[in-house]
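Chain by chain, the residues:
Protein chains: 2
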Amino acid sequence: MEEKTRVSRLFAERTGRMSSSIIRELCKLAVRGEVVSLAGGWPNSDAFPYAFTAKAIRKYMKEKKGEVLQYGTSDGVKELREWLAGWLKEKEGIETEPDGIMISAGAQNGMDLCCRVFVNEGEVCLVELPTYFGGVGSIRFYGGVPVGVKTDDEGVVVDEVERVVEKLAGEGKRVKLMYIQPNYHNPLGVTLSEKRREKLLEVARKFDFVLMEDNPYGDLCYDGMPSKPLKSMDRDGRVVYIKSFAKVFSPGIRLAAVVAHPEVVAKMVVARQFVDCCPPTLSQYLFLEFCRSGMLERHIVKLRKFYGKRMKKMIEHIEKYFPQGIKFTRPRGGFFVFVYLPDGLDADAILEESMKGNVAFVPGKQFFVDGSGSNTLRLSFSQAPEEKMEEAIRSIGEILAKKVK
Amino acid sequence: MEEKTRVSRLFAERTGRMSSSIIRELCKLAVRGEVVSLAGGWPNSDAFPYAFTAKAIRKYMKEKKGEVLQYGTSDGVKELREWLAGWLKEKEGIETEPDGIMISAGAQNGMDLCCRVFVNEGEVCLVELPTYFGGVGSIRFYGGVPVGVKTDDEGVVVDEVERVVEKLAGEGKRVKLMYIQPNYHNPLGVTLSEKRREKLLEVARKFDFVLMEDNPYGDLCYDGMPSKPLKSMDRDGRVVYIKSFAKVFSPGIRLAAVVAHPEVVAKMVVARQFVDCCPPTLSQYLFLEFCRSGMLERHIVKLRKFYGKRMKKMIEHIEKYFPQGIKFTRPRGGFFVFVYLPDGLDADAILEESMKGNVAFVPGKQFFVDGSGSNTLRLSFSQAPEEKMEEAIRSIGEILAKKVK
Numbered sequence: 099m100e101e102k103t104r105v106s107r108l109f110a111e112r113t114g115r116m117s118s119s120i121i122r123e124l125c126k127l128a129v130r131g132e133v134v135s136l137a138g139g140w141p142n143s144d145a146f147p148y149a150f151t152a153k154a155i156r157k158y159m160k161e162k163k164g165e166v167l168q169y170g171t172s173d174g175v176k177e178l179r180e181w182l183a184g185w186l187k188e189k190e191g192i193e194t195e196p197d198g199i200m201i202s203a204g205a206q207n208g209m210d211l212c213c214r215v216f217v218n219e220g221e222v223c224l225v226e227l228p229t230y231f232g233g234v235g236s237i238r239f240y241g242g243v244p245v246g247v248k249t250d251d252e253g254v255v256v257d258e259v260e261r262v263v264e265k266l267a268g269e270g271k272r273v274k275l276m277y278i279q280p281n282y283h284n285p286l287g288v289t290l291s292e293k294r295r296e297k298l299l300e301v302a303r304k305f306d307f308v309l310m311e312d313n314p315y316g317d318l319c320y321d322g323m324p325s326k327p328l329k330s331m332d333r334d335g336r337v338v339y340i341k342s343f344a345k346v347f348s349p350g351i352r353l354a355a356v357v358a359h360p361e362v363v364a365k366m367v368v369a370r371q372f373v374d375c376c377p378p379t380l381s382q383y384l385f386l387e388f389c390r391s392g393m394l395e396r397h398i399v400k401l402r403k404f405y406g407k408r409m410k411k412m413i414e415h416i417e418k419y420f421p422q423g424i425k426f427t428r429p430r431g432g433f434f435v436f437v438y439l440p441d442g443l444d445a446d447a448i449l450e451e452s453m454k455g456n457v458a459f460v461p462g463k464q465f466f467v468d469g470s471g472s473n474t475l476r477l478s479f480s481q482a483p484e485e486k487m488e489e490a491i492r493s494i495g496e497i498l499a500k501k502v503k
Numbered sequence: 099m100e101e102k103t104r105v106s107r108l109f110a111e112r113t114g115r116m117s118s119s120i121i122r123e124l125c126k127l128a129v130r131g132e133v134v135s136l137a138g139g140w141p142n143s144d145a146f147p148y149a150f151t152a153k154a155i156r157k158y159m160k161e162k163k164g165e166v167l168q169y170g171t172s173d174g175v176k177e178l179r180e181w182l183a184g185w186l187k188e189k190e191g192i193e194t195e196p197d198g199i200m201i202s203a204g205a206q207n208g209m210d211l212c213c214r215v216f217v218n219e220g221e222v223c224l225v226e227l228p229t230y231f232g233g234v235g236s237i238r239f240y241g242g243v244p245v246g247v248k249t250d251d252e253g254v255v256v257d258e259v260e261r262v263v264e265k266l267a268g269e270g271k272r273v274k275l276m277y278i279q280p281n282y283h284n285p286l287g288v289t290l291s292e293k294r295r296e297k298l299l300e301v302a303r304k305f306d307f308v309l310m311e312d313n314p315y316g317d318l319c320y321d322g323m324p325s326k327p328l329k330s331m332d333r334d335g336r337v338v339y340i341k342s343f344a345k346v347f348s349p350g351i352r353l354a355a356v357v358a359h360p361e362v363v364a365k366m367v368v369a370r371q372f373v374d375c376c377p378p379t380l381s382q383y384l385f386l387e388f389c390r391s392g393m394l395e396r397h398i399v400k401l402r403k404f405y406g407k408r409m410k411k412m413i414e415h416i417e418k419y420f421p422q423g424i425k426f427t428r429p430r431g432g433f434f435v436f437v438y439l440p441d442g443l444d445a446d447a448i449l450e451e452s453m454k455g456n457v458a459f460v461p462g463k464q465f466f467v468d469g470s471g472s473n474t475l476r477l478s479f480s481q482a483p484e485e486k487m488e489e490a491i492r493s494i495g496e497i498l499a500k501k502v503k
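Quick note, the sequences are listed as chains A and Z, same order. Counting in our numbering, the first sequence runs from 99 upward without gaps. Counting in our numbering, the second sequence runs from 99 upward without gaps.
Among the clues, some could well be false.
No copy is singled out in the list; a pair is fine if it fits within one copy or between any two copies.
Straight-line C-alpha distance at most 25 Å; calculated DSS-like pairs for lysine-lysine [what the hints assert, rightly or not]:
1. K163 to K407
2. K400 to K304
3. K425 to K304
4. K503 to K407
5. K153 to K163
6. K326 to K500
7. K418 to K326
8. K160 to K463
9. K248 to K265
10. K400 to K162
11. K189 to K501
12. K486 to K400
13. K160 to K425
14. K425 to K265
15. K304 to K248
16. K400 to K160
17. K418 to K454
18. K293 to K454
19. K486 to K163
20. K403 to K500
21. K160 to K403
22. K400 to K163
23. K403 to K162
24. K162 to K271
25. K176 to K157
Rather than coming from a laboratory, the hints here were simulated on the basis of the structure.
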């Protein structure tokens with residue numbers, strides 16, 4: 099044990115504030131064969147484009163296209179950034195040039211680099227209550243102090259954002275950045291209303307903070323069309339827009355696009371030279387072929403049907419099996435339904451019981467930076483086998499019925 | 099311009115110490131079609147395993163092996179870590195379990211995570227004079243202060259390491275880490291002698307600092323066998339060994355192995371959850387197939403011939419065309435020959451003239467943290483077309499002849 103002590107003794111001070119996500123631990127548990135998992139936010143492996151991947155790689159390898167296996171530039175493959183600039187304009191109303199886009203190694207890499215460039219030790223960063231822990235982790239790593247703002251069925255309450263910023267200003271604390279998922283929120287499933295989007299940008303302008311907009315689920319809408327991102331209304335370059343391709347292609351290729359003011363992109367590109375040099379080149383060319391061939395568009399249509407059907411089923415099952423009076427969100431896209439239990443009920447205790455019957459979900463508390471939310475839980479409809487979803491929801495419903503009485 | 103000012107005004111203080119590498123800028127220049135580049139340290143695209151890559155991906159996709167395109171764990175694919183544990187023991191004498199290995203997204207990602215875990219603001223980190231700027235960049239980002247130690251034909255002068263550490267201790271400064279490339283050094287090409295390896299570990303133990311051992315070129319030996327890494331002699335878990343697979347397979351897959359005390363690996367794994375979640379899964383399974391099928395072994399044999407021939411040629415050309423009395427290293431592996439010009443000659447001026455004839459190389463100054471080395475240059479034999487290498491060396495030789503007189 100002396101050796102163990104020796105090595106850890108040399109750790110940097112910051113290592114002390116590194117802690118593992120409880121959800122990640124839970125997800126490890128949930129992959130046990132017999133467990134029906136409503137826990138993870140992973141896409142469904144049945145929906146990956148296998149045949150396309152084999153064909154595209156074969157093509158590049160047959161041509162001995164060397165750059166596919168070579169180092170790339172830190173901002174990412176130029177043709178991909180060019181294609182994305184056109185597509186983002188057409189689909190999401192975002193005006194950008196290729197030098198306003200950086201390809202990151204997944205959305206988390208984009209959030210890390212964004213916080214690396216903007217967040218100083220001790221600065222306040224607003225987050226939604228609840229929100230995804232990945233964004234919070236990046237903020238915290240750079241010494242940012244996350245402060246939560248409440249949400250409702252229309253997403254974050256923007257009047258509350260203003261009130262919190264003013265209150266903090268009164269205490270001499272300045273807000274540097276807000277982390278937000280306007281579309282098909284994780285874990286809430288809700289979407290920020292159009293009216294609130296305009297207003298949020300106004301507030302950000304007034305108090306001069308950066309908006310870190312995370313949009314992993316934006317293309318997965320099952321009811322109507324997705325709302326335009328905040329980035330499309332960004333007039334002064336304060337929105338850093340992070341668009342993951344994990345859900346519309348594959349998480350295993352580790353790709354996202356970060357769209358920001360070219361000056362911000364330039365700093366992130368310099369920062370990453372000593373972080374990871376460049377995003378995976380093989381993945382980028384594979385995804386470029388996916389985009390150019392028209393497969394991306396067709397695949398999104400397919401995924402909307404695939405996941406939309408599952409969402410509809412989950413909501414039907416909840417309506418059928420959950421006790422009256424239990425509130426839950428009704429998403430129009432994404433992977434999640436968020437459940438509010440009556441006050442006093444503890445989702446951890448429900449999970450413990452639920453796991454006895456091999457049904458897993460995520461207690462919502464993990465998503466609240468203020469320690470609240472013990473009576474909430476997140477249900478994911480992306481991965482559980484369709485035929486087992488009803489049984490799983492029924493089983494949770496029975497546990498809840500006993501507790502609610 | 100007001101908008102531009104606005105966004106950059108919000109940058110964190112640390113962005114002030116982010117600056118782009120001059121070599122990277124130079125390499126951009128050197129990819130112009132007409133330029134013969136002896137600049138970059140990239141592998142040669144002609145040597146990538148194209149047919150294998152197509153075949154392996156086709157196999158996985160045909161089997162619809164979902165995990166190949168799915169998220170993976172932050173430490174990397176378990177089967178790959180298991181295979182590597184066996185291979186590292188057999189080939190490099192490193193005793194490790196799979197939980198002492200983390201797969202990183204390239205060596206730079208490993209160095210970033212290592213420094214993230216160990217380096218505190220203001221701590222001294224030793225580096226070789228000269229050394230690779232990637233390791234220095236990671237150290238500097240976390241506030242580490244690189245201090246250079248001189249090298250000779252046997253690598254870093256270990257007596258000098260001891261002297262420098264003692265001198266710093268006298269000034270109340272403690273050394274936290276040393277960044278070192280013992281095998282086929284970049285930019286030197288030299289290899290740390292066996293005797294010095296033992297001694298360096300002793301010094302590290304005596305003064306209790308971490309050794310960050312970078313070994314990107316270790317398998318590319320063209321004369322004799324590669325020396326065993328420091329990690330193989332590590333008795334108290336103070337060596338963090340970073341083994342890139344960019345040169346033996348492809349840089350575009352972004353993979354390296356970090357071998358360290360399991361406690362260190364565990365911290366790096368937690369740290370990366372908010373950096374990049376996990377290394378690319380597609381790449382890892384591709385590389386796993388490469389390893390398991392025996393292709394890695396066969397490919398290394400092929401690469402040794404491929405690059406060894408080029409190294410021999412470059413040295414022949416230098417001997418033939420460079421003026422008498424110009425000193426250069428005689429590597430036994432890797433990608434580089436390092437040239438020492440007579441004092442007073444400036445490699446920047448030589449480069450300027452050389453570029454007029456479309457021949458590029460890297461002035462050595464970039465590799466010296468103490469600002470010295472203006473009379474040195476690095477020549478790479480990995481990428482330039484073989485038939486043009488003679489012409490390029492002759493052209494540099496002529497410029498030198500005029501200057502030396």
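Hints, verified against the model:
no., hint, result
1, K163 to K407, "between (40 Å within a copy, 24 Å between copies)"
2, K400 to K304, "neither (41 Å within a copy, 62 Å between copies)"
3, K425 to K304, "neither (35 Å within a copy, 63 Å between copies)"
4, K503 to K407, "neither (31 Å within a copy, 80 Å between copies)"
5, K153 to K163, "both (14 Å within a copy, 15 Å between copies)"
6, K326 to K500, "neither (43 Å within a copy, 64 Å between copies)"
7, K418 to K326, "neither (34 Å within a copy, 65 Å between copies)"
8, K160 to K463, "neither (51 Å within a copy, 41 Å between copies)"
9, K248 to K265, "within (15 Å within a copy, 56 Å between copies)"
10, K400 to K162, "between (32 Å within a copy, 18 Å between copies)"
11, K189 to K501, "neither (46 Å within a copy, 60 Å between copies)"
12, K486 to K400, "within (22 Å within a copy, 51 Å between copies)"
13, K160 to K425, "neither (55 Å within a copy, 44 Å between copies)"
14, K425 to K265, "neither (31 Å within a copy, 67 Å between copies)"
15, K304 to K248, "within (20 Å within a copy, 54 Å between copies)"
16, K400 to K160, "between (29 Å within a copy, 20 Å between copies)"
17, K418 to K454, "within (22 Å within a copy, 78 Å between copies)"
18, K293 to K454, "neither (45 Å within a copy, 59 Å between copies)"
19, K486 to K163, "between (45 Å within a copy, 22 Å between copies)"
20, K403 to K500, "neither (35 Å within a copy, 72 Å between copies)"
21, K160 to K403, "between (34 Å within a copy, 24 Å between copies)"
22, K400 to K163, "between (30 Å within a copy, 20 Å between copies)"
23, K403 to K162, "between (37 Å within a copy, 20 Å between copies)"
24, K162 to K271, "neither (56 Å within a copy, 52 Å between copies)"
25, K176 to K157, "within (20 Å within a copy, 30 Å between copies)"
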